[in-house]
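Chains as they are written, first to last, in this note's numbering: chain A, 18 to 243; chain B, 241 to 595.
Zero decoy hints are in this set.
Not close to chain B: a few residues of chain A, all C-beta gaps over 12 Å, as computed:
{"no.": "1", "residue": "21"}
{"no.": "2", "residue": "59"}
{"no.": "3", "residue": "117"}
{"no.": "4", "residue": "189"}
{"no.": "5", "residue": "218"}
{"no.": "6", "residue": "225"}
Chain A regions said to be covered by chain B (calculated; three or more residues, Cβ under 8 Å):
{"no.": "7", "stretch": "140-148"}
{"no.": "8", "stretch": "156-163"}
No wet-lab data here; the hints were simulated from the structure.
Quick reminder that beta carbons are idealized off the backbone N, C-alpha and C, glycines included.
Chain by chain, the residues:
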Amino acid sequence: MFSAANLAAIVLTLKLASVVTLLLLLIGTPIAWWLANTRSWLKPPVEAVVALPFVLPPSVLGFYLLVSMGPNGPVGHVTQALGLGTLPFTFAGLVVGSVFYSLPFVVQPIQNAFAAIGPGLLEAAATLRARPWDRFATVALPLARPGFVTAAVLGFAHTVGEFGVVLMVGGNIPGRTQVVSVQIYDHVEALEYAQAHELAIVLMAFSFVTLLLLYAVNRRVAALGA
Amino acid sequence: MTALVARFRHCYPGFGLDVDVRLPARGVTALFGPSGSGKTTLLRLIAGLEKAADGYLTVGGAVWQDANHFVATHVRPLGYVFQDARLFPHLDVQRNLEYGLRRVPPASRRVSLDGVIDLLGIGPLMHRKPDRLSGGERQRVAIARALAVSPSLLLMDEPLAALDQARKQEVLPYLERLHDALEIPVVYVSHSIDEVARLADHLLVLDAGRVSAQGTPAELMARDDLHLARGDEIGSLIEATVAGHDDAYQLTDVVFPGGRVSLPRQAAAVGERVRIRIMARDVSLTLAAQTGTSIINILPARVARIAEAGPSQSLVALDLGGTAILARVTRKSVDALGLNPGLAVHAQIKGVAIL
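With the hints as extra help, turn the sequences into a complete structure.
Laid out in structure tokens, this is it:
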């Protein structure tokens, strides 16, 4: 039912969103844990940096990522020294850009979930002989599960829906960096409205179903917790 | 024998703690004092949940904190019961109980889980989640969970404070059973003189971050200068022995140094030790022994001290000849009877409660 180009874009988008979500959970969890528990003066600046993508135009973030990852940027120097070449206009570059862009959508729900648990139960676990890692794994993680579900869904959906950063960092290379949102733009530019519609309706349906499931699950969790 | 030596000095915002205490190796030590006096802070310092800048702590000879060492909470062999139970909401009662138990090496387990479940009467609750328990049940599970790790020291932070009167009466008997069954020292934070009177062997009074008095509850409760209880609550605690029963009138006689009183028939056997409580408001004074009165407990006494207890009231500390009790009388009566330290009087006791 999809054209080959559209199908390639859909597959690439799903792959990108999956990789990014996985990375975000790995990176976002320690950041969220630290933010939920620290009393350091560094907390507000770190929170502000994490939340930047909420307010910045994606083109600004994309621009700086492009410059810093380019052949003359600091990140570019490092990747070239490591023999990886430069990241812009590659799938890896898209992943890096998307991780930055979707970070707050993953960190904030997890941070809120950790903060809601509070220190009390972890103290109780400490008096029951549990080491710090043990307390994290057996008390904090299971109790924060709804936060993780929300974070994963939002991170995934937001990565699928991004446009500006992808266009700046990834360019528009079919099969390598051409994701659904950029492909739609392409179709519209070429006045291929039928093709554009084919992808747009898929994104629309995907976003609605995702959010519907998220709210339904959260309501069930809230009801269980009461 | 001393089980616990604790010296802590630490400044918190708006509050300083400075204590130097030794607690006995057996029995229940109550930390008593008004809110904000530092009771809970001291307990948390003992548990290592907080760290004093300047601290020294040994328990049963092992150093838990000194200038160079700070043993983390999860390494200290203690049990802790929080005021708010703090059961893990995602685990049922059984798994809450096993949480600590599993983390104790089998060789260090001295307490049987079945015994603990039995002691606290929580057998029927094993498969319930904490949100399906009543407040009293939750607190009993929390106590069992703390005991299941075979602690060498049990710390309890106002385990009854969050409960209403009925729930308190439900849990108190379990605490009393615990007191008799446990071989380990217990530190029990409370601001209820009733709980202290029923449970404590040793009492430490905290005031504004300092220890203002320590001793047995009987000694301290007879002191009128400590204000351990307010108004109607003031009374004295006496360790007594059941001397005999009067079957005809359904009374029980108990004796203590310097006196003998009758109270409504008790189930206790002759020779059994009991704690009785005499409220200051239930004691009145006469200069000569009264006849023709309905009061059956009249004891000769000597006035030890007189303290003011409000605009119209005085608190008279009496020595019964080895046992101290308090009487609350009006200031007018003090003057009318010419009460003075050393004066011989008769104490008429209207009510005696067994605890």
